[in-house]
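Engineer: If you follow the hints, you should be able to join the two separate chains into one complex; please do so.
Below, each chain spelled out in residue letters.
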Amino acid sequence: MAETTLAHIGRTEPRPAGWQGIAADWSSDQRAFKNVSWGKAMMWIFLLSDTFIFGCFLLSYMTARISTRVPWPNPSEVFALRIGGSDIPLILIAIMTFVLISSSGTMAMAVNFGYRRDRRKTAVLMLLTAALGATFVGMQAFEWTKLITEGVRPWGNPWGAAQFGASFFMITGFHGTHVTIGVIFLIIVARKVWRGDFDVGRPGFFTSRRGRYENVEIMGLYWHFVDLVWVFIFAFFYLW
Amino acid sequence: MVDITPADAVPPAEVAEMELYHPHSWWTKYVFSQDAKVIAIQYSATATAIGMVALVLSWLMRLQLGFPGTFDFITPEAYYQFITMHGMIMVIYLLTALFLGGFGNYLIPLMVGARDMVFPYVNMLSYWIYLLAVLVLVSSFFAPGGPTGAGWTLYPPQAIMTGTPGGQDWGIILMLVSLILFIIGFTMGGLNYVVTVLQGRTRGMTLMRLPLTVWGIFTATVMALLAFPALFVACVMMLLDRALGTSFFMPAIVEMGEQLQHGGGSPILFQHLFWFFGHPEVYIVALPAFGIVSDLISTHARKNIFGYRMMVWAIVGIGALSFVVWAHHMYVSGMHPYFGFFFATTTLIIAVPTAIKVYNWVLTLWRGDIHLTIPMLFALAFIVTFVNGGLTGLFLGNVVVDVPLSDTMFVVAHFHMVMGVAPILVIFGAIYHWYPKVTGRMLNETLGRFHFWITFLGAYLIFFPMHYLGLMGVPRRYNELTDMTIMTESAHHLNSFISIMAFMVGFAQIVFLFNLIWSIRHGREAGGNPWRATTLEWQTPQTPPAHGNFGKDLPIVYRWAYDYSVPGAKEDFIPQNVPGSFAPSREPA
Chain A
73 MAETTLAHIG RTEPRPAGWQ GIAADWSSDQ RAFKNVSWGK AMMWIFLLSD
123 TFIFGCFLLS YMTARISTRV PWPNPSEVFA LRIGGSDIPL ILIAIMTFVL
173 ISSSGTMAMA VNFGYRRDRR KTAVLMLLTA ALGATFVGMQ AFEWTKLITE
223 GVRPWGNPWG AAQFGASFFM ITGFHGTHVT IGVIFLIIVA RKVWRGDFDV
273 GRPGFFTSRR GRYENVEIMG LYWHFVDLVW VFIFAFFYLW
Chain B
158 MVDITPADAV PPAEVAEMEL YHPHSWWTKY VFSQDAKVIA IQYSATATAI
208 GMVALVLSWL MRLQLGFPGT FDFITPEAYY QFITMHGMIM VIYLLTALFL
258 GGFGNYLIPL MVGARDMVFP YVNMLSYWIY LLAVLVLVSS FFAPGGPTGA
308 GWTLYPPQAI MTGTPGGQDW GIILMLVSLI LFIIGFTMGG LNYVVTVLQG
358 RTRGMTLMRL PLTVWGIFTA TVMALLAFPA LFVACVMMLL DRALGTSFFM
408 PAIVEMGEQL QHGGGSPILF QHLFWFFGHP EVYIVALPAF GIVSDLISTH
458 ARKNIFGYRM MVWAIVGIGA LSFVVWAHHM YVSGMHPYFG FFFATTTLII
508 AVPTAIKVYN WVLTLWRGDI HLTIPMLFAL AFIVTFVNGG LTGLFLGNVV
558 VDVPLSDTMF VVAHFHMVMG VAPILVIFGA IYHWYPKVTG RMLNETLGRF
608 HFWITFLGAY LIFFPMHYLG LMGVPRRYNE LTDMTIMTES AHHLNSFISI
658 MAFMVGFAQI VFLFNLIWSI RHGREAGGNP WRATTLEWQT PQTPPAHGNF
708 GKDLPIVYRW AYDYSVPGAK EDFIPQNVPG SFAPSREPA
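Protein sequences, first through last, are from chains A and B.
Take any residue in the first sequence, count from 1 to its spot, add 72: that is its number in the numbering used here.
Take any residue in the second sequence, count from 1 to its spot, add 157: that is its number in the numbering used here.
Fair warning: there could be bad hints in the mix.
As the list claims (entries may be wrong) - When the alpha-carbon atoms are kept at most 30 angstroms apart in a straight line, the in silico DSBU-like pairs for lysine-lysine are as follows: (1) B:K727 x B:K709; (2) A:K106 x B:K709; (3) A:K112 x B:K186; (4) B:K709 x A:K112; (5) A:K193 x A:K112; (6) B:K186 x B:K727.
Claimed, not checked - Covered stretches of chain A, going by a simulated chain B footprint (3 or more residues, C-beta under 8 angstroms): (7) 116-123; (8) 173-183; (9) 224-233; (10) 279-290.
To be verified - DEER-style ranges, computed between Cβ atoms: (11) A:T221 x B:A400: 20 to 30 angstroms; (12) A:S148 x B:T185: 51 to 61 angstroms; (13) A:T221 x B:R634: 41 to 51 angstroms.
Just so you know, the hints here were simulated from the structure itself, not pulled from any lab data.
Note that beta-carbon positions come from the ideal geometry of N, C-alpha and C, so glycine has one too.
So here's chain B without its partners, still in its complex pose (with noise of 0.2 angstroms):
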């Protein structure tokens, strides 16, 4: 790279080189190591792992809804379980652990232009204690009694009473606990991804040229650390009315004719604590998978993102308005009128904000240079589940559609769309698109294609019948429906399509993890930018990068990251490494 900017242009470097750690074993380059990467893949493979365990709970559910009465061993106490594990592991142990913890971890230091996370020991320990968190867990599956029944929401009274499994049993304290464990652990890891934003970036990568995919972590980082904090607190009094006695969320209560000790406590204040970090919670998952998607987009495209600005402040505008919606998971809790119209106003503006980033998503595929490569399928895949589940959020968001809704299948569609399938989608475009410079291989292009077309088709398969189910007014949580009378004989032959399909896109999942794996050795040589990618992440002098990621110099940046067909240049894209006088950037001023 010849210099040939005059020698003032590059700003002098603020920060000192940081000391790396230099691993001096085995065990300390592998296994405690304290390099972003490899935390990276451990958070990455743990995340995965129990994840399949959530896949598996999914597919026993499923078992039971579509074919009631065959399975035995699904008893309503195990179907209750089932639920309250599947759906804690896939929001908080795979989702946010794999964005944050894996993505996060891989994707910042590199893109930033920095050598590492600023406090590598502090991020080392962030997985150790993530680790246990999934370990005690795990742990809950084999404590007398089984795991949590509860719900995903864990509401109090029923959580901790004793028809609840788990309730009187140790289900509910793991459970506990690890969430307690998770929360200390993220946010050790979460206040290493921030500073890292905030100050350890290289020369010239100012915040406006940060790829899309670090604005996305970034912000939603920030608001897991705002958002965490409601949720340790109401686990720590749930534990504390658990294990003592107290009534934080204990009301006067009869069970079976007696007459608990609780009295005084609020159940309605948990719902508040649980959704003030709930909701933030699905924009912590939706943010980085927002970045990651304009990245996707713009790179597979061939063009530069339309509206760069708009889109940075699209998404700080929706970390901060989903601080002030969380009521509206509790319209059929009851609330003053005015409070339902205070939420639903707020719920309905965020759909400002996302409505302009889907605009421009689509705005930047416009007359783009569209190369249908899966990480691309799997954006467009990602644009159209996010729009379908994001119109039915309006729905939801209103009190009087939300009431009569809010306990039926539509709602399980709804978020499973928009929380569960749309991120889930980005995360294996975002695989197929990095896998790459992780390994230096590429994920295999026939399995891959294999598996997004069962895994997009067979998501929609899934969740579209849903939300005719519900809107027949099938209930959610019921674990048997066949003497309803709302349960017609068509809804359950939908019921049973839905299962059978739910086990054919969780098999396209263990094509996906050979996959992974088959690549590693046998996949095609990738070289340094097989997507020919303007990011600091694909200009590094090794392939899957060193320790100190770039080398003996850091990489200086001269441009925003989304050079791509920029005219007069003499490729069609411009890394933002690469010094200015070559071609005009359209950067914004």
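Chain A with its partners taken away, still in its complex shape (with noise of 0.2 angstroms):
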């Protein structure tokens, strides 16, 4: 392993091929991930720790679903609403479904303009997105109420196994918090962007850090994980 060489750092021999190449690159000098800012490489490795939270909620549902011997409600029936006459199933999921993935359009836009530093295109984009936000949690809140309002408790419910009640307010009821705080911070953040905080480099309140443009794109990062799991969410509770 350790073969004796000469100790200069612009090296001129080949670069490794292979695997070598590989670790060569990856533990390369100063940055193992190049062009990728500090904020940046945190959001991510935060989103991959957060992936595990979910992954292990909705595990621990599927497996209280599937180990109960009590029957499971028909999410076709529970989550149905009564319109004109008749039970149309899943359509608040879907129309709170067609909202959060319209957020992260809106959101995307709003990263895109915020790179051509179009002040006001991306801040009023970033509200939107958070008023698309702010819907799906209160379309939420109106589920919650409906569910209540029908008898679901987390301890029980009319239907069938009380884990249904249970997984449904502690799962949704986390991605909804999930939403809240990432409308919370797209509010702060679209602040920051009409005000010129990120022109200016006017220094964070609380970190004194000079904020950038690309601190919109990392709030992105952050709402799109939170549009994805949703997916899966929906998948896995409405769908199955």
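Structural biologist: This is the structure:
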């Protein structure tokens, strides 16, 4: 392993190939991920950790669902809304999903305009994203209220396994908290954009660090992640 | 330092100088500090303080076990509370916090040549949330019903039932809330450590030139970021079971002749979640110890570490493997034989990278210029202890051996050796090693040697007999063993002996704490690099390092961290920031 070489840094020897090349690239000087800022790297790693949290939640829910000996309530009926005299299954969830996915679109546009330094459009699109997110949370509150009035509780429900209510409130609640935190931060970052903090390099209130337009993209990473998680919750909870 | 390397030899800086927050007052300098070094000391002090509580709890347990019936105030309930709090505090609030929050914060920025962690403000929040978690934990001692007595694994259903101390009082709730807070706080710090190592290194510091200490802490932090989520989820779900009456973990159950409201939950699910965290946790504690001990051995044996590259891959390999062995903690819970086969196999495979590390330590010592300094003594003690605890781990990794031994003192002896004593020995060694950098003064040598010998020999006198007790069938978790047929006369004597040894070892720790405080003012002046070590933290312009660590210019790294006793060099060590033309480097190509 430790053969003797002259320790001059400007290496002229050919770059290693194969696995050694991959290891050499990853362990290269100063940064493992070139052109990735600290903030973006930190958000990605946080999202990886958060993925494990949602993964554990969903796996626990699936374990509970497949191991219960009591029938599981039928999502198509439970999550149906009575509109115009007929029950339409999953209609509210469909709208909620549409709203949240749309907010990912507006978020992506905000990132685009952010890098073009178009303050007004960036801020407006971020606020639009926040509004869509808030709409989503609002509809979730409506859904919760409806289920609670129908007798669904964390410890039981009229139709079957008690774990239905428990998992539902826990998982959608945890996801809704993520959306809510996202909305709050969207508004904060939008305000900074609007005020031109990122143009003049104004120090942050708490951190005294100067922000950059990249913050919009980092915010976007979080937001897209929350959307992506919803797709999984939608698939595993409502469509199963 | 004469710059005699060609100008193009040093890679250009990829990242601009980081903006540091400069404190304006005493409060922002020493209390709400954003300096990783201050945060590290805050973490360490808090962890040590709560660790002392756990030490006292272990004394109380030993009082009961060694001299049953003598101390009336140790009721069975109290005994279970002591066990639970001792275990949880030691594993999470002491070892994890001290290795990652303490050593991680202090050493990562200094060793990779950074001015601070990448996000100092978040780093500061990490400590304060950790402190809050500790305070919530401590508050459970004063809550009605006292702290939880569920055992440190908090297994449901008994963790939240009436018969368990704190089960239907505040104890379990405060424990779960405290754990959730700890995980949130740790995540803030952990993200910082990982990003600092990956993206915040100085010029010339490739990953393959990192000191192994940083590799150990870095890998452990990555593991913690992936393992703590499982504990987080388990805590949230148990909190809901306890507070809202959900049944994630609670099966239909009759308690005191009364059918509980719960039904349909799976206690095994909790065990899976807990151990998916719990087993990586063992290595979250062990990997920083591995890394630190590698550096201690290399420095104090004046020899380059043997097989650096293998050491790195072994750390990474252990980290990855530790995520697929968790169910070996659940053999007695029952599982499909094929699963037992799978988990036994993966468990035994971990012995391979671990053995590589042990061989490399020994081969580093081989024909080295061994200085028996106190850090070196602790490092040597660690190797012996770790091998010892690791070998009993091979016993317990096998299903058929584990099942009869699982509920005996043998397991207690095993995990205290491998996960208690071994990492703690490294922590002591590391404190003796880096104390001069933190304070500018050496710890007292005489007290240090006293502390070492009592701790090292005492730990063996405590835990070796426990193996025998376990093989005899003496069960763990029992507070009263007097009337059992397996408890022979000699077993009782052995138990009393263990207890007396435990008091002595505990006493030595108080001497150590005294030494820590006394030496701040009265220790011998250390100078900047008392151990003549190569890594960057010893090359700072000031000792202790000032805010920003490295003065005006960040150091530039020209070599790996282990250029000791290089033939032809003037001194027997070449710091990492000395340009290469002085002597050939033995860095791996």
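Engineer: For every hint, state whether the structure bears it out.
Structural biologist: Hints and how they fare:
1. Annotation: proposed proximity of B:K727 to B:K709 holds, straight-line Cα distance about 28 angstroms (limit 30 angstroms).
2. Under the criterion of a C-alpha separation no larger than 30 angstroms, the hint pairing A:K106 with B:K709 is consistent with the structure, at around 25 angstroms.
3. Between the alpha carbons of A:K112 and B:K186 the distance comes to roughly 28 angstroms, so the proposed pair stays at or under 30 angstroms and holds.
4. Among the hinted pairs, B:K709 with A:K112 is consistent with the structure: their alpha-carbon atoms are about 27 angstroms apart, no more than 30 angstroms.
5. Note on A:K193 and A:K112: the hinted pairing holds, with a Cα-Cα distance of about 22 angstroms set against a maximum of 30 angstroms.
6. Of the supplied pair hints, the one linking B:K186 and B:K727 is violated, its CA atoms being roughly 41 angstroms apart against a limit of 30 angstroms.
7. Look at the stretch 116-123 of chain A against chain B: 5 of its residues bring a Cβ nearer than 8 angstroms to a Cβ of that chain, three or more, so the hint holds.
8. Coverage of the stretch 173-183 of chain A by chain B is violated. Counting CB-CB distances below 8 angstroms, 0 residues qualify, and the rule asks for three or more.
9. With 3 residues having a beta carbon nearer than 8 angstroms to a beta carbon of chain B, the stretch 224-233 of chain A meets the requirement of three or more and the stated coverage holds.
10. A count of 4 residues in the stretch 279-290 of chain A with a Cβ less than 8 angstroms from any Cβ of chain B is obtained; the coverage claim is therefore met, three being the minimum.
11. Between A:T221 and B:A400 the beta carbon distance is about 22 angstroms. The supplied range of 20 to 30 angstroms therefore holds.
12. Between A:S148 and B:T185, the C-beta spacing of about 57 angstroms keeps the proposed range 51 to 61 angstroms intact.
13. One distance hint, 41 to 51 angstroms for the beta-carbon pair A:T221 and B:R634, holds here, with the actual separation near 47 angstroms.
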